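In order, the protein sequences belong to chains E and W. Residue numbering for the first sequence follows my numbering, starting at 21 and increasing by one per position. Residue numbering for the second sequence follows my numbering, starting at 456 and increasing by one per position.
Don't read these hints as lab results, they were simulated from the structure. Every value quoted in this text rests on a predicted model; they were computed, and no experiment measured them. One or more hints might be untrue.
Derived coverage of chain E by chain W (criterion: at least 3 residues anywhere in the stretch with Cβ under 8 Å from a Cβ of chain W; other residues may be distant) [unchecked claim]:
no. : region
1   : 77-83
2   : 154-167
3   : 173-179
For lysine to aspartate or glutamate, the following EDC-like pairs were computed, each having C-alpha atoms within a straight-line distance of at most 20 Å [what the hints assert, rightly or not]:
no. : chain 1 : residue 1 : chain 2 : residue 2
4   : E       : K180      : W       : D635
5   : E       : K180      : W       : E529
6   : E       : K204      : W       : E647
7   : E       : K176      : W       : E469
8   : W       : K620      : E       : E173
9   : E       : K180      : W       : E496
10  : E       : K84       : E       : D65
11  : E       : K176      : E       : D191
12  : W       : K591      : E       : E173
13  : E       : K124      : E       : E173
Simulated coverage check for chain W against chain E, where a stretch passes if three residues somewhere in it have a Cβ under 8 Å from a Cβ of chain E [unchecked claim]:
no. : region
14  : 468-477
15  : 509-518
16  : 587-594
Where a beta carbon is used, it is the ideal one built from N, C-alpha and C, also for glycine.
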Amino acid sequence: MNSSPIKIVVMHDDLNEKDPLLVELGGKYGQKNVIFKRKSKEGLDYVLNNLSQKIIVILDLKFKANELSGVEVFEEIRQRTSLIYIIIWTASNLAEVKSENLVKFINNDALAFVHSTEDYTRILQLVEKAAHEMDVRVASVIEQWICSRPKEERNKPYIKYTNGKTYTLSDILNEIRQQSSFGKEVEKNILLLAIDLLTRGKETLNG
Amino acid sequence: MVSINIAYDNQALELGAYFEASKNDLVDFLAANHNDYSIHEIHSARCNEVYIEVRIGAINSQRYLFIAYSHGAEDCLISGGNSYVAVNKNTNLFTNSLFYTTACSAGHKLGEDLINNGCEAFIGYNRVVTVFSDEKQNVSIECDNCGIKMFILGRTIGDAFSLMKAYYTQQIDRLNQFGDILSASYLVANREALVFFGNPNLTIHDFA
Chain E
21 MNSSPIKIVV
31 MHDDLNEKDP
41 LLVELGGKYG
51 QKNVIFKRKS
61 KEGLDYVLNN
71 LSQKIIVILD
81 LKFKANELSG
91 VEVFEEIRQR
101 TSLIYIIIWT
111 ASNLAEVKSE
121 NLVKFINNDA
131 LAFVHSTEDY
141 TRILQLVEKA
151 AHEMDVRVAS
161 VIEQWICSRP
171 KEERNKPYIK
181 YTNGKTYTLS
191 DILNEIRQQS
201 SFGKEVEKNI
211 LLLAIDLLTR
221 GKETLNG
Chain W
456 MVSINIAYDN
466 QALELGAYFE
476 ASKNDLVDFL
486 AANHNDYSIH
496 EIHSARCNEV
506 YIEVRIGAIN
516 SQRYLFIAYS
526 HGAEDCLISG
536 GNSYVAVNKN
546 TNLFTNSLFY
556 TTACSAGHKL
566 GEDLINNGCE
576 AFIGYNRVVT
586 VFSDEKQNVS
596 IECDNCGIKM
606 FILGRTIGDA
616 FSLMKAYYTQ
626 QIDRLNQFGD
636 ILSASYLVAN
646 REALVFFGNP
656 NLTIHDFA
């Protein structure tokens, strides 16, 4: 199973392509892996159309009046998946953010909230942290494994619970992204497999 | 002559075909490997408490096998949304039985209650388990039926249980070797859900 590159989607309407953060990210992760969108809807569309990629989002909160707000983008992403890391990067002070929005960020696993006056190296550190966690997080590994399967294989009935429900690999992927109890059980099963193989002296995990 | 009673919920939505395929797999195995038995099939229409009371009540003065392929819960076996074997209802009927079921979760409470009510031995799963679809379905059936097949071949039920777990492990390694880690992981979970209660020294000859 090949490890695909991480995509960093920066949604911010006050930056330009020569911003030091974008230049640094491009240098470290590859220019083509840094997706810069000034318009929130374009950034959201990119994310939702590329869920099979490993994605880290750097998200401003305020966009122009006729565009989706950062909160709306955050919610849209979280409705589809819990596996994308989202860093809120904003000129708003924490006190200026509505409390119900803060609750949304906290309860839905926003990785960090960074004020734009902080040195941009803070963002770089957070991206590095998220990138590492993506590589070791079981859910992300399973996600990559399923996405590497041909589409027709992903849509065939794969397993049946003996309580009657049938799942395809695409269904399982969705459960993992939603971090449902079923999705978490899939993660747990993979860990059980790893422990089983390692304790029996079979160290190789193929695929 | 060994009395073998096989309940299978062939009318179950989603899994009726699987339950019937599991039953057929065992029946074919019996035909090939054992010739001193009588099989009584209990299909969906008969998987109810009334029929079970009549049928099991008529045979439970002697030892017999009871094998069940259906949905289950922690304290019962289920067909058509209703229990047909259940704690505090009819587990006392299963005196003298070897009770073998692939139903989800029945090993959690039903198994021990059967033993407490005179059942000689029980093999089942103590949580929700998964079966494979399509081309891997036979893997699930073979794993599910391995224990009872080993018993029919002459192993003690205790050894049959151990061999069933070993067979699961063999299939786990085979799937992993082909890179199907997700399927392998489900078999690990199923294997870890297997439970045995009762007398491990029973053999098929004790039921003749």
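Here is what the structure says about each hint:
By the rule of at least three residues with a Cβ nearer than 8 Å to a Cβ of chain W, the coverage given for the region 77-83 of chain E is violated, with 0 such residues. For the region 154-167 of chain E, the stated coverage by chain W is satisfied: 3 residues place a CB nearer than 8 Å to a CB of that chain, which reaches the threshold of 3. A count of 4 residues in the region 173-179 of chain E with a Cβ less than 8 Å from any Cβ of chain W is obtained; the coverage claim is therefore met, three being the minimum. Between K180 of chain E and D635 of chain W the alpha-carbon distance is near 16 Å, which keeps this suggested pair within the 20 Å criterion.
Taking the CA atoms of K180 of chain E and E529 of chain W, the gap is near 19 Å; set against the 20 Å cutoff, the hint holds. Restraint check for K204 of chain E and E647 of chain W: satisfied, since their Cα atoms lie roughly 17 Å apart, inside the 20 Å limit. With a C-alpha separation of about 14 Å, the suggested pair K176 of chain E and E469 of chain W falls inside the 20 Å cut-off, and the hint holds. Of the supplied pair hints, the one linking K620 of chain W and E173 of chain E is violated, its CA atoms being roughly 29 Å apart against a limit of 20 Å.
Between K180 of chain E and E496 of chain W the alpha-carbon distance is near 24 Å, which puts this suggested pair outside the 20 Å criterion. Taken as a hint, the K84 of chain E and D65 of chain E pair is honoured in the structure, with Cα atoms around 17 Å apart against an allowance of 20 Å. Between the alpha carbons of K176 of chain E and D191 of chain E the distance comes to roughly 10 Å, so the proposed pair stays at or under 20 Å and holds. Among the hinted pairs, K591 of chain W with E173 of chain E is consistent with the structure: their alpha-carbon atoms are about 13 Å apart, no more than 20 Å.
Restraint check for K124 of chain E and E173 of chain E: the C-alpha separation of about 36 Å exceeds 20 Å, so the hint is violated. Counting residues of the region 468-477 of chain W whose CB falls under 8 Å from any CB of chain E gives 4; the rule of at least 3 is met. Taking a C-beta to C-beta cut-off of 8 Å, the region 509-518 of chain W contributes 0 residues in contact with chain E, too few for the three needed, and the coverage statement is violated. A count of 3 residues in the region 587-594 of chain W with a Cβ less than 8 Å from any Cβ of chain E is obtained; the coverage claim is therefore met, three being the minimum.
Hints 1, 8, 9, 13 and 15 from the earlier list are contradicted by this structure; the remaining hints agree with it.
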